[in-house]
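There are 2 protein chains.
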Amino acid sequence: MAALPDRGVPLSTLSPKFLHTNSTSHTWPFSAIAELIDNAYDPDVSAKQFWIDKTVVKGELCLTFMDNGNGLNHETIHKMLSFGYSDKVAVNGLEPIGIYGNGFKSGSMRLGKDAIVFSRSSSSSCVGMLSQTYLEMINANQIVVPIVCFEKKNSNQFSVRKKDEASLRDILRYSLFSTKEELLAEINAIHIPGSQQETGTRIIIWNLRRTSTGAPEFDFDKDRYDIQIPSEIYETMQDPSQHPNRPNSYIPESVYSLRAYCSILYLKPRMQVMVRGHKVKSELIAKSLAFIRKDHYKPIFVKKRIPITFGYNTKSKDQYGIMMYHKNRLIKAYERVGCQLKANNMGVGVIGVIECNFLDPTHNKQSFIESDKYRKTMTNLGIKLEEYWNEIRYRRKKENPNDTVPVEDAMKRPDQNWVQCDRCLHWRKLPDGIDCSKLPDKWFCRMNPDPQFRSCLVEEEPEDSDDDQPSYRKTYKQQEREDRRQQEQKMQLELKHHEERRLNSLKKQGEALGRQHENLVQQLNQT
Amino acid sequence: MAALPDRGVPLSTLSPKFLHTNSTSHTWPFSAIAELIDNAYDPDVSAKQFWIDKTVVKGELCLTFMDNGNGLNHETIHKMLSFGYSDKVAVNGLEPIGIYGNGFKSGSMRLGKDAIVFSRSSSSSCVGMLSQTYLEMINANQIVVPIVCFEKKNSNQFSVRKKDEASLRDILRYSLFSTKEELLAEINAIHIPGSQQETGTRIIIWNLRRTSTGAPEFDFDKDRYDIQIPSEIYETMQDPSQHPNRPNSYIPESVYSLRAYCSILYLKPRMQVMVRGHKVKSELIAKSLAFIRKDHYKPIFVKKRIPITFGYNTKSKDQYGIMMYHKNRLIKAYERVGCQLKANNMGVGVIGVIECNFLDPTHNKQSFIESDKYRKTMTNLGIKLEEYWNEIRYRRKKENPNDTVPVEDAMKRPDQNWVQCDRCLHWRKLPDGIDCSKLPDKWFCRMNPDPQFRSCLVEEEPEDSDDDQPSYRKTYKQQEREDRRQQEQKMQLELKHHEERRLNSLKKQGEALGRQHENLVQQLNQT
Ligand SMILES: [Zn+2]
Ligand SMILES: [Zn+2]
Numbered sequence: 001m002a003a004l005p006d007r008g009v010p011l012s013t014l015s016p017k018f019l020h021t022n023s024t025s026h027t028w029p030f031s032a033i034a035e036l037i038d039n040a041y042d043p044d045v046s047a048k049q050f051w052i053d054k055t056v057v058k059g060e061l062c063l064t065f066m067d068n069g070n071g072l073n074h075e076t077i078h079k080m081l082s083f084g085y086s087d088k089v090a091v092n093g094l095e096p097i098g099i100y101g102n103g104f105k106s107g108s109m110r111l112g113k114d115a116i117v118f119s120r121s122s123s124s125s126c127v128g129m130l131s132q133t134y135l136e137m138i139n140a141n142q143i144v145v146p147i148v149c150f151e152k153k154n155s156n157q158f159s160v161r162k163k164d165e166a167s168l169r170d171i172l173r174y175s176l177f178s179t180k181e182e183l184l185a186e187i188n189a190i191h192i193p194g195s196q197q198e199t200g201t202r203i204i205i206w207n208l209r210r211t212s213t214g215a216p217e218f219d220f221d222k223d224r225y226d227i228q229i230p231s232e233i234y235e236t237m238q239d240p241s242q243h244p245n246r247p248n249s250y251i252p253e254s255v256y257s258l259r260a261y262c263s264i265l266y267l268k269p270r271m272q273v274m275v276r277g278h279k280v281k282s283e284l285i286a287k288s289l290a291f292i293r294k295d296h297y298k299p300i301f302v303k304k305r306i307p308i309t310f311g312y313n314t315k316s317k318d319q320y321g322i323m324m325y326h327k328n329r330l331i332k333a334y335e336r337v338g339c340q341l342k343a344n345n346m347g348v349g350v351i352g353v354i355e356c357n358f359l360d361p362t363h364n365k366q367s368f369i370e371s372d373k374y375r376k377t378m379t380n381l382g383i384k385l386e387e388y389w390n391e392i393r394y395r396r397k398k399e400n401p402n403d404t405v406p407v408e409d410a411m412k413r414p415d416q417n418w419v420q421c422d423r424c425l426h427w428r429k430l431p432d433g434i435d436c437s438k439l440p441d442k443w444f445c446r447m448n449p450d451p452q453f454r455s456c457l458v459e460e461e462p463e464d465s466d467d468d469q470p471s472y473r474k475t476y477k478q479q480e481r482e483d484r485r486q487q488e489q490k491m492q493l494e495l496k497h498h499e500e501r502r503l504n505s506l507k508k509q510g511e512a513l514g515r516q517h518e519n520l521v522q523q524l525n526q527t
Numbered sequence: 001m002a003a004l005p006d007r008g009v010p011l012s013t014l015s016p017k018f019l020h021t022n023s024t025s026h027t028w029p030f031s032a033i034a035e036l037i038d039n040a041y042d043p044d045v046s047a048k049q050f051w052i053d054k055t056v057v058k059g060e061l062c063l064t065f066m067d068n069g070n071g072l073n074h075e076t077i078h079k080m081l082s083f084g085y086s087d088k089v090a091v092n093g094l095e096p097i098g099i100y101g102n103g104f105k106s107g108s109m110r111l112g113k114d115a116i117v118f119s120r121s122s123s124s125s126c127v128g129m130l131s132q133t134y135l136e137m138i139n140a141n142q143i144v145v146p147i148v149c150f151e152k153k154n155s156n157q158f159s160v161r162k163k164d165e166a167s168l169r170d171i172l173r174y175s176l177f178s179t180k181e182e183l184l185a186e187i188n189a190i191h192i193p194g195s196q197q198e199t200g201t202r203i204i205i206w207n208l209r210r211t212s213t214g215a216p217e218f219d220f221d222k223d224r225y226d227i228q229i230p231s232e233i234y235e236t237m238q239d240p241s242q243h244p245n246r247p248n249s250y251i252p253e254s255v256y257s258l259r260a261y262c263s264i265l266y267l268k269p270r271m272q273v274m275v276r277g278h279k280v281k282s283e284l285i286a287k288s289l290a291f292i293r294k295d296h297y298k299p300i301f302v303k304k305r306i307p308i309t310f311g312y313n314t315k316s317k318d319q320y321g322i323m324m325y326h327k328n329r330l331i332k333a334y335e336r337v338g339c340q341l342k343a344n345n346m347g348v349g350v351i352g353v354i355e356c357n358f359l360d361p362t363h364n365k366q367s368f369i370e371s372d373k374y375r376k377t378m379t380n381l382g383i384k385l386e387e388y389w390n391e392i393r394y395r396r397k398k399e400n401p402n403d404t405v406p407v408e409d410a411m412k413r414p415d416q417n418w419v420q421c422d423r424c425l426h427w428r429k430l431p432d433g434i435d436c437s438k439l440p441d442k443w444f445c446r447m448n449p450d451p452q453f454r455s456c457l458v459e460e461e462p463e464d465s466d467d468d469q470p471s472y473r474k475t476y477k478q479q480e481r482e483d484r485r486q487q488e489q490k491m492q493l494e495l496k497h498h499e500e501r502r503l504n505s506l507k508k509q510g511e512a513l514g515r516q517h518e519n520l521v522q523q524l525n526q527t
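Protein sequence lines correspond, in order, to chains W and F. Sequential numbering of the first sequence, starting at 1, is according to UniProt numbering. Sequential numbering of the second sequence, starting at 1, is according to UniProt numbering.
Simulated from the structure, these hints should not be mistaken for lab results. Mixed in with the good hints there might be a few duds.
All copies of an identical chain are treated as equivalent in the list; a pair is satisfied when it fits inside any one copy or across any two copies.
[Stated by the list, open to error] Keeping only pairs whose Cα atoms sit at most 25 Å apart, straight-line, the calculated DMTMM-like set for lysine to aspartate or glutamate is:
id: 1; residue 1: Lys79; residue 2: Asp6
id: 2; residue 1: Lys58; residue 2: Asp409
id: 3; residue 1: Lys508; residue 2: Glu461
id: 4; residue 1: Lys298; residue 2: Glu232
id: 5; residue 1: Lys79; residue 2: Glu136
id: 6; residue 1: Lys54; residue 2: Asp372
id: 7; residue 1: Lys279; residue 2: Asp219
id: 8; residue 1: Lys268; residue 2: Glu511
id: 9; residue 1: Lys294; residue 2: Asp226
id: 10; residue 1: Lys490; residue 2: Asp318
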């Protein structure tokens with residue numbers, strides 16, 4: 001079984017069974033879908049749009065994923081179908097998410113047994129296949145990945161290189177597509193309607209995972225513009241030990257609705273995701289909160305302060321906790337910390353948003369690797385959140401001493417209104433008082449009341465540089481200090497009074513003694 | 001980069017970076033060590049003993065793992081250093097644990113950057129190396145795994161096959177061992193003292209993982225016969241969201257002590273584990289409980305009933321929950337279910353033991369893959385546990401109505417006393433009344449008071465066949481039914497009395513009317 005490369009040392013090889021093994025880290029199916037979205041989002045592909053849909057090919061239910069990025073050639077498709085080749089680097093300051101070089105394999109093989117990739121780059125049109133069924137049928141003892149590239153000869157004639165012929169034969173025999181023309185038709189489908197761009201990648205996954213009852217693991221019928229995890233599954237999906245105190249009614253929508261999950265998947269969304277043909281409205285979580293305060297966390301192992309945005313969820317007081325991102329990608333959602341883990345109302349309704357680039361995500365990007373860095377971070381987030389909670393309660397009490405409604409139960413509106421342009425994808429701040437729910441479904445920069453940002457050509461309003469910005473003032477702490485000072489003053493005053501009283505009584509005793517003495521003297525004088 | 005095998009289709013290849021990626025699923029270091037133990041435990045190796053130790057080689061701190069199993073040859077070492085080749089099958093009814101063919105890679109590369117394997121089988125002596133440092137230094141773009149086999153020529157002369165020469169060169173250059181003689185010395189160290197057997201495998205891992213402060217992730221000093229996770233790490237190790245209500249004092253010893261973890265790693269231990277030279281006392285959890293009741297779970301997707309043993313922890317009321325095994329291997333420990341997840345005292349102190357071979361463990365074997373099967377199982381375990389809790393409380397109340405001490409707080413002793421023979425590893429039941437803590441450290445069958453099982457040659461006492469055994473009688477349910485019946489009887493009696501009273505009063509009314517009537521008749525007669 002050993003293939004000896006030039007060095008004369010055996011290669012470590014891959015068993016077909018490893019495809020399943022490797023996919024088991026995605027226990028939650030959206031975690032697998034997110035891997036495919038990440039791949040398109042990353043700077044090497046840098047797609048502006050991403051489509052997720054279901055389709056039926058020759059009677060077989062399929063999931064499809066398409067991006068309008070740069071497309072792949074023979075070499076990059078081969079890396080995509082191999083393990084651990086992520087030579088992704090930051091492009092124009094955009095950091096890649098896919099650092100493990102395993103997203104496509106683990107993600108696609110979690111969703112179904114077989115996947116085929118169609119891609120058109122500026123230089124070529126290629127098809128690659130990663131199929132467990134194929135490997136079983138040919139009795140493979142290593143993972144082979146048929147890859148074929150089409151070369152345009154003239155007009156609509158495409159030729160296949162000699163060395164790809166075996167791959168073409170296997171793809172036509174073992175995929176859902178049985179002629180070269182069917183493959184070319186799928187490549188042509190990568191053309192984005194209404195756009196000049198013709199590069200991009202299209203992934204079709206079939207033999208989709210099913211539950212033990214034989215039903216697909218997704219519900220495509222409940223909402224025709226969404227892909228949902230059926231309620232009987234998501235209601236008990238989360239490991240009960242993980243959220244013992246979270247009744248089902250508090251399960252965040254993002255747990256079972258792909259549309260909701262996609263809306264918060266990126267901290268600063270730069271790619272439009274379409275689920276079943278309809279655009280996902282991205283949510284800038286940190287900007288949708290009420291009573292926003294900016295705090296910072298300065299770990300000893302990181303040079304810079306890490307900004308944290310705290311605020312109250314304006315939509316539901318039951319969804320709260322920390323939104324933890326890593327290189328712009330959501331890792332943990334609504335992760336409760338500190339006082340939120342205790343059986344009281346402290347921290348209820350409070351959301352924190354932090355980008356923890358200094359931590360390492362786990363294999364499935366749904367958690368961070370347990371390390372002392374991670375543990376310190378979680379402890380610290382708990383402390384900061386409690387401070388925020390105290391601060392807001394103190395401020396409200398001070399501003400309106402008679403208000404007995406807890407903050408989390410009061411009506412709240414986001415501190416700021418932000419809207420995304422449907423053409424340039426820039427985010428624009430709207431003036432206070434505008435009701436965002438009344439904006440048109442498609443909004444463009446030219447509708448902006450603020451003339452400064454009324455064109456798609458204008459860059460986004462620069463974010464406040466986090467370096468310059470101070471953490472919010474924890475006034476409740478000043479109050480606490482003030483309270484302590486007053487308490488001390490009061491005690492000193494009491495001490496003084498006490499001393500005075502003692503002096504007084506001594507004085508009176510002295511006077512009484514004096515009088516007695518005088519009486520005695522008088523009596524003596526009289527006798 | 002493509003190597004084309006016979007079929008003419010490109011191979012999927014492995015990047016050296018994948019070694020790290022693939023190891024990240026083991027967030028908890030004992031999870032990585034357990035993989036190495038599993039490999040020796042599995043029927044293809046079927047070691048009787050396994051040694052875990054630390055050592056220092058040329059100034060470098062190392063972990064060592066050694067078994068006295070069948071040993072490996074060139075081909076099996078190559079599979080061990082490749083991905084997904086688990087052709088393990090059941091031997092004599094013993095099912096293999098390692099189903100993924102990834103344990104050695106993910107486990108060893110989690111513990112350190114580099115590993116070397118020495119093995120002696122009946123036919124050969126081989127050395128293989130999986131080293132991230134080596135791959136970095138030779139600038140490899142695929143994972144290569146040097147493997148060398150030594151052939152005995154005469155007396156103490158060993159020769160190396162031509163095709164292994166390049167591997168030998170790289171091992172001597174990039175491992176901690178720089179001469180052939182040093183390698184052979186390590187192979188010779190596989191000889192087990194006091195035993196005839198000379199086959200086995202010895203793994204040395206170096207460049208051990210360190211924390212951000214540069215300290216090793218293990219504490220070797222706190223207990224010289226244990227390998228522990230330092231307290232500042234384990235105290236906050238578990239994801240706080242996973243066990244929000246579990247104060248640190250309730251962290252099971254198995255979380256931070258390798259010795260304690262090894263003692264419960266297998267449901268029915270058949271291999272002796274030595275941590276730093278001292279034998280680990282295996283614990284038969286299901287047999288160490290008090291008030292044991294045998295229940296069953298019959299999932300719709302499994303033909304047979306699955307036995308569950310419930311009982312009270314006799315050592316600590318704070319460690320409770322379900323011990324979930326899979327093919328004899330512990331997957332989840334102290335997993336709280338049902339009423340144990342609520343903020344009351346229900347289910348406190350109760351342990352359940354179940355072997356869930358019908359579920360699929362995750363990649364790191366620390367959890368099960370989320371599926372509807374898993375969810376149904378957890379729900380059902382919650383119900384069964386609550387029934388057990390009700391039953392024991394009811395029984396105690398009935399037997400001793402004046403006892404106000406809750407079961408979980410009362411002194412308890414295990415229902416049965418079991419001890420393992422140090423020679424044959426058989427488990428023997430001791431008569432009631434024997435205090436196990438007073439047994440000698442080394443116990444042998446010949447010390448058994450029961451003459452029937454007083455020899456190592458005698459097989460273990462057969463377990464009660466679970467198929468024949470009924471689930472325990474849930475007498476509290478009978479009581480509930482009885483209570484309901486009495487309630488109904490009482491109501492019927494009341495209804496009857498009510499009816500009687502009504503009849504009586506009607507009768508009296510009738511009589512009164514009768515008397516009035518008679519009076520009237522008399523008056524009429526008189527006028
Ligand atoms: Zn615009
Ligand atoms: Zn014995």
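> Hints broken by the structure, by number, lowest first?
Replying inline: Hints 2, 3, 8, 9, 10 contradicted; others consistent.
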